[in-house]
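2 protein chains.
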Amino acid sequence: MNLRNRILLVFLIVLSTISFSNATEIIHIKHTTKDITPIVREAINCAIEKEIKIVFEKGIYTFLPEYAHTKFSFITNHGNGYKSIAFRFEDFYAIEIQGNGSEFIFHGRMAPFQFENCKNIKVENLTIDWDIPFIFEAEVLATNKKESYIDVKPFTDGYSWKLKEEKISFPNIDGFSFDELGHTHCFDPKTKSTFYGSFGLHLKPDKVEKLKNGVYRFYEKLPKYPPVGAILAAKGGKELNRYAPAFQTQNCKDVVYNKVIIHHALGMGFLFERTENIKVINSGVYTRDGSNRYISSTADATHFANCKGEVLVENCRIEGMLDDGTNVHGTYVKVDEILNEYTVRIALHHFEQMGFQFAGQGDEVWFIQKPSPKRGVVNTVVKAEFINEKYTELTFKNKIPLSLSKDDILENKTWNPVFTMRGCRVTKHRARNAMIKTPLKVVIEGNYFSSDMSSIGLRGETSKWYESGAVGEVIIRNNHFVDCAHGGTNHAILWVSPKLNKKFNQTEIYDRNIIFENNIIEGFNSRIVWADRLDGLVFRNNTIKQTTNYPNQFPKAPLFDFYNSKNIELTNNKVEGFKDNITVKSDKVSEKTLEVNKNKGFKK
Amino acid sequence: MNLRNRILLVFLIVLSTISFSNATEIIHIKHTTKDITPIVREAINCAIEKEIKIVFEKGIYTFLPEYAHTKFSFITNHGNGYKSIAFRFEDFYAIEIQGNGSEFIFHGRMAPFQFENCKNIKVENLTIDWDIPFIFEAEVLATNKKESYIDVKPFTDGYSWKLKEEKISFPNIDGFSFDELGHTHCFDPKTKSTFYGSFGLHLKPDKVEKLKNGVYRFYEKLPKYPPVGAILAAKGGKELNRYAPAFQTQNCKDVVYNKVIIHHALGMGFLFERTENIKVINSGVYTRDGSNRYISSTADATHFANCKGEVLVENCRIEGMLDDGTNVHGTYVKVDEILNEYTVRIALHHFEQMGFQFAGQGDEVWFIQKPSPKRGVVNTVVKAEFINEKYTELTFKNKIPLSLSKDDILENKTWNPVFTMRGCRVTKHRARNAMIKTPLKVVIEGNYFSSDMSSIGLRGETSKWYESGAVGEVIIRNNHFVDCAHGGTNHAILWVSPKLNKKFNQTEIYDRNIIFENNIIEGFNSRIVWADRLDGLVFRNNTIKQTTNYPNQFPKAPLFDFYNSKNIELTNNKVEGFKDNITVKSDKVSEKTLEVNKNKGFKK
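Residue numbers (my numbering), protein chains in the order written: chain X, 1 to 604; chain R, 1 to 604.
You may find that some hints are simply not true.
The list makes no distinction among identical chains, and a pair is therefore deemed to hold if it is satisfied within one copy or across any two copies.
Only pairs whose alpha carbons sit at most 20 Å apart, straight line, appear in this in silico PhoX-like list of lysine-lysine [to be verified]:
#1 Lys598 x Lys574
#2 Lys585 x Lys164
#3 Lys603 x Lys164
#4 Lys122 x Lys545
#5 Lys566 x Lys604
#6 Lys204 x Lys167
#7 Lys146 x Lys579
#8 Lys153 x Lys545
#9 Lys164 x Lys153
#10 Lys204 x Lys164
#11 Lys370 x Lys334
Derived by calculation from the structure, the hints in this document are not laboratory data.
All chains, please: the whole structure from these sequences, using the hints.
Written as structure tokens, this is what we have:
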């Protein structure tokens with residue numbers, strides 16, 4: 001049966017199954033072992049209704065890029081560009097995708113799902129994977145600092161790479177390959193987590209030499225050499241290694257991902273931009289159990305940029321990413337030029353934010369004027385004119401502050417979510433378990449966390465990623481933190497570290513009101529809380545145990561470390577097992593209002 | 001005065017100058033030395049009418065990319081991508097741009113003009129140039145084949161390049177540079193034309209070493225080394241070296257470019273796609289007189305892909321391009337799959353044709369079925385569904401041929417122009433003066449041609465560029481050909497050389513009916529006509545003189561060389577000065593109907 005006949009068959013089935021009772025068009029996809037991409041594309045293109053349900057017969061489906069829908073796509077925190085998209089939805093009122101436990105196996109450079117300007121999205125019971133991952137993995141057999149080389153044994157089973165002209169290229173699929181190993185991290189084969197003391201490398205060997213028995217020698221002078229026995233996982237150079245998330249959800253409302261598993265993605269797992277009300281529940285981002293793969297998504301598992309309403313991540317297994325477990329944030333833009341009393345031209349600044357919609361008509365915006373990082377005047381956007389991917393002209397309802405000047409920053413007040421992360425397991429990955437940047441209520445409870453950098457990070461910043469903003473109400477409770485911050489850099493369980501550029505006061509309060517209670521923290525490192533410019537921390541009823549799985553990497557680091565902060569309260573906590581310095585360190589400013597009461601195992 | 005005020009001023013002037021008498025909105029642009037890009041962008045965006053005239057006060061204007069309109073653009077024969085566009089016009093009924101002799105100086109990666117789906121376009125009296133060309137130029141001082149190096153002295157005045165980590169990068173503007181020298185050609189400083197015996201190189205030196213006095217040594221093993229004294233002009237690697245033409249005109253009708261001079265372009269000069277009725281008159285593509293630049297447009301000066309109606313290129317000066325003077329062609333697509341009795345999925349094949357519209361609703365299409373290259377059945381497109389940049393599904397009015405099979409080819413019958421090139425001077429550039437591929441009437445008359453490959457080429461092909469098609473009526477008269485085909489490869493004045501892939505008969509007639517008369521041909525090489533699979537050539541009343549400016553490069557080559565052809569007539573021509581073999585060579589097939597009469601200086 002040729003493709004057209006297959007498609008016709010699909011539609012005959014479709015026609016016979018449309019349910020008019022609720023105006024939802026139901027499209028049944030019969031299982032086939034052939035490329036399903038064109039069938040899915042036609043099914044979506046030919047939908048008559050704007051409320052559709054696509055039901056997959058349970059099975060394993062192959063998605064090839066050849067006949068995919070293509071579109072130039074702005075994707076925040078990824079490379080913008082012309083993408084091959086399997087499921088592209090635009091302007092639908094309701095979409096349900098029922099996978100019935102199916103597996104969707106992608107091949108090559110593809111963006112699995114893009115939802116734009118849709119409502120009532122529900123995706124259920126499906127698994128996403130790639131036939132060949134966009135990753136190079138290899139075991140480190142030896143290193144030689146003096147002669148600047150590493151001997152590695154690359155994984156071959158299921159991987160695609162080759163040595164050509166003394167260089168490794170991968171994955172060499174449909175003409176695409178990375179021309180450098182690029183961003184590389186070390187994993188521990190015993191735990192599949194990032195290695196104790198691990199650190200990021202950027203590999204671009206001068207020469208790769210083939211030795212015997214599948215071993216290759218990479219010649220490169222490195223600042224540090226990876227540990228012998230570690231598994232290197234490389235994801236290519238930064239210009240190309242974030243093709244697309246598995247799910248891009250942009251300008252949508254009321255979205256539920258339930259029982260959706262992502263074993264691999266060429267970027268983030270679940271990315272949400274300017275979307276309202278989101279649930280990612282009973283889902284996961286992790287490699288297949290028993291596989292030889294270490295990397296699931298090559299960037300954050302979940303990521304929420306300028307979202308609003310209620311965001312819930314619940315009961316999810318999140319492992320093996322090369323970046324954060326979750327990142328919830330808004331976007332800082334800079335004033336480029338004041339065009340008149342009502343209008344400013346603003347500029348995006350991170351190269352992977354280009355094209356991102358900072359604000360639309362009707363949005364309230366905070367003006368934040370140097371040198372204070374305080375959210376200042378609120379004004380409402382009446383017109384947003386997209387000039388190009390970097391610049392937008394915003395015209396406001398009221399006059400803008402007379403004192404506004406170039407390089408002051410703006411933050412969107414309307415698009416910030418209430419955020420809850422509950423009952424998740426976030427482990428075995430690079431970076432932070434959770435990055436939290438929203439002024440509205442945040443609840444992080446009942447999770448199991450293990451991280452190689454800080455477990456929970458708060459960092460509104462205008463230094464690199466331009467992610468806003470300061471928190472105002474954060475509750476972190478009943479979580480279990482195990483061996484967090486086990487990478488080679490100095491991090492903490494809770495890390496509060498705003499980083500506005502130097503034109504802003506570097507000691508003024510930024511974040512506010514964190515309750516951290518009833519958590520169990522087990523680990524070999526000391527640092528628990530490391531906070532700068534924080535007003536209000538209640539740290540109570542937590543149990544902190546030092547384990548001996550590994551040596552404490554920073555034995556001189558204090559458990560608690562406060563700078564430029566106030567209203568810090570450490571009450572009724574229990575610390576066990578610490579042999580080294582158990583201390584509360586605070587600068588003069590923080591000291592003034594610091595209260596340390598009724599704790600076991602440590603004093604002020 | 002800030003930008004917004006400047007724009008307001010422009011519009012006050014605009015408002016006072018709108019002429020309602022003919023419903024044309026007239027926009028006056030006052031001269032400024034500041035970046036004019038945002039003013040032009042706003043002027044176009046804010047136009048109320050769909051019939052506009054933009055009048056520039058005479059002056060030199062600077063166009064920067066920072067605040068340019070940006071758009072993902074399909075541009076045939078260039079790199080598709082997200083472009084910064086100075087003048088972007090879409091869906092206008094009439095546009096007149098009056099430059100009043102102004103110069104538009106562009107900076108960095110910019111697409112100066114894009115017209116899409118517009119009618120009645122008239123652009124007059126303006127000059128386009130770049131502040132810094134996207135070219136690396138250098139004089140060859142020495143070469144050493146044994147040690148595989150070239151010593152060169154790069155041009156510095158007005159150029160931008162640097163040596164870093166043993167590599168040359170250029171032009172290093174706004175973060176963009178080519179990572180290789182890439183496509184390079186040799187020019188002669190005495191004539192500013194391509195060097196006698198010149199050839200294309202692809203330069204990517206292993207190492208570049210700085211010597212004394214501004215001299216650099218390029219280490220690279222090359223198949224041939226450039227002549228000492230030549231000027232190398234490099235335009236970067238092929239993935240990036242065709243950013244955009246100076247003028248892209250797509251899906252438009254009734255277009256006149258009059259007195260428009262292009263001194264530099266980051267791709268072609270004038271590109272037309274699926275456009276009807278075009279005049280490029282009294283215009284030019286050439287470097288500024290007296291400048292040290294050798295390269296005007298980095299690709300064809302004029303290029304017409306699937307155009308129709310009347311196309312006229314008249315009284316133009318065309319020099320210094322790194323590709324053809326003109327190229328008039330359609331597009332061959334291959335049958336990818338027959339989907340049903342009425343529908344085929346077709347595929348584009350050249351990487352720079354991706355996204356090109358082969359055919360639209362209502363177009364007539366020829367089916368060309370292996371093994372014959374004959375245009376077969378004509379059918380009318382009733383639906384064209386764009387699948388992605390490579391594939392389109394075409395549904396036809398009548399059933400498609402039962403015998404149609406994969407890899408048969410289709411040619412658009414509707415979109416072919418009548419083409420006239422008259423009174424032009426086409427010299428000092430790489431490749432052909434004119435490539436002609438249209439079945440309708442072609443007149444090439446009164447031109448001055450000098451080329452480094454063949455002067456006039458006919459080559460419908462499915463081997464690389466997939467350009468259709470076979471000619472049916474070509475008149476070449478009263479032209480003056482001087483030192484043509486002076487490059488290092490074996491070419492002719494008139495070169496007829498179809499190149500359908502091997503699934504097609506390699507001896508069957510392809511092109512038809514050429515009259516070549518009253519031309520003067522002066523040159524040091526022998527080859528005048530080299531034709532394969534041609535039915536009908538009247539070559540009469542021409543004067544051919546051998547000059548002695550340079551040695552004949554191919555003294556054994558015949559003046560006339562025919563393969564697989566018929567109805568060739570050489571009458572009343574005069575040949576002077578040839579000392580070597582003056583011969584008419586023809587294979588058995590061509591011999592049968594060959595007539596050679598009343599010529600002076602040679603016989604059959």
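Hint check results:
1. Lys598 x Lys574: within (9 Å within a copy, 114 Å between copies)
2. Lys585 x Lys164: neither (54 Å within a copy, 47 Å between copies)
3. Lys603 x Lys164: neither (61 Å within a copy, 57 Å between copies)
4. Lys122 x Lys545: neither (41 Å within a copy, 79 Å between copies)
5. Lys566 x Lys604: within (15 Å within a copy, 104 Å between copies)
6. Lys204 x Lys167: Both, since 9 Å and 17 Å are each at most 20 Å.
7. Lys146 x Lys579: neither (37 Å within a copy, 70 Å between copies)
8. Lys153 x Lys545: Neither way: Lys153 and Lys545 sit 38 Å apart in one copy and 69 Å across, limit 20 Å.
9. Lys164 x Lys153: Close inside one copy (16 Å), not across copies (33 Å); limit 20 Å.
10. Lys204 x Lys164: For Lys204 and Lys164, both the intra-copy (14 Å) and inter-copy (17 Å) Cα distances are at most 20 Å.
11. Lys370 x Lys334: within (11 Å within a copy, 61 Å between copies)
In the structure shown, a violation is registered for the earlier hints numbered 2, 3, 4, 7, 8, in ascending order.
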